[in-house]
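Novice: Sequence:
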Amino acid sequence: TVMLQPFDYDPNEKSKHKFMVQTTYAPPNISDMEAVWKEAKPDELMDSKLRCVFEMPNENDKLNDIDASKPAPVLNTSKQDGPMPKSHSVSLNDTETRKLMEECKRLQAEIMKLTDENRHLRDEGLRLRKVAHSDK
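In terms of the working numbering, the sequence shown has 82 at position 82, counting the first letter as 1, and numbering is strictly consecutive.
Calculated directly from the structure, the hints in this document are not laboratory data. Some hints could be false.
[What the hints assert, rightly or not] For lysine to any residue, the following SDA-like pairs were computed, each having C-alpha atoms within a straight-line distance of at most 25 Å:
| hint | residue 1 | residue 2 |
| --- | --- | --- |
| 1 | Lys16 | Asp47 |
| 2 | Lys49 | Asn29 |
| 3 | Lys41 | Lys99 |
| 4 | Lys49 | Asn93 |
| 5 | Lys16 | Arg127 |
| 6 | Lys41 | Met112 |
| 7 | Lys18 | Thr115 |
| 8 | Lys41 | Ala109 |
| 9 | Lys41 | Cys104 |
Make the full structure from the sequences, and use the hints.
Specialist: Below, the structure is given as structure tokens:
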């Protein structure tokens, strides 16, 4: 499930959006996905934030001959390292599954923290370069 997170409108960040991406494990022979989400316990859900920045095209890009009626190319960004294991060949008990989900949540939180720290450092570096450039 992907949903836009609530936000306060900031005109300086009009092209930035945050989405919450939620995942859960589904039993192998399930057909009602809505029931999977309704019956999922909070500790069975994994979530992470997806931040998007939409960039406006440059004036040069607008001058190029682009046929707006043609669909934009879509890149397949999902990567799979080998075939998926067969569901009947993997047998995890509830304790192992819970441990894996907790580890996944911990790692996702660490990724979010490092991503925020990286963004902060990049912004700080940009700010310092602007200050140094304006002092010349």
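Novice: Now tell me if each hint is right for this structure.
Specialist: Do the hints match the structure? See the list:
no., hint, result
1, Lys16 to Asp47, "19 Å, holds"
2, Lys49 to Asn29, "29 Å, violated"
3, Lys41 to Lys99, "15 Å, holds"
4, Lys49 to Asn93, "28 Å, violated"
5, Lys16 to Arg127, "19 Å, holds"
6, Lys41 to Met112, "23 Å, holds"
7, Lys18 to Thr115, "13 Å, holds"
8, Lys41 to Ala109, "19 Å, holds"
9, Lys41 to Cys104, "16 Å, holds"
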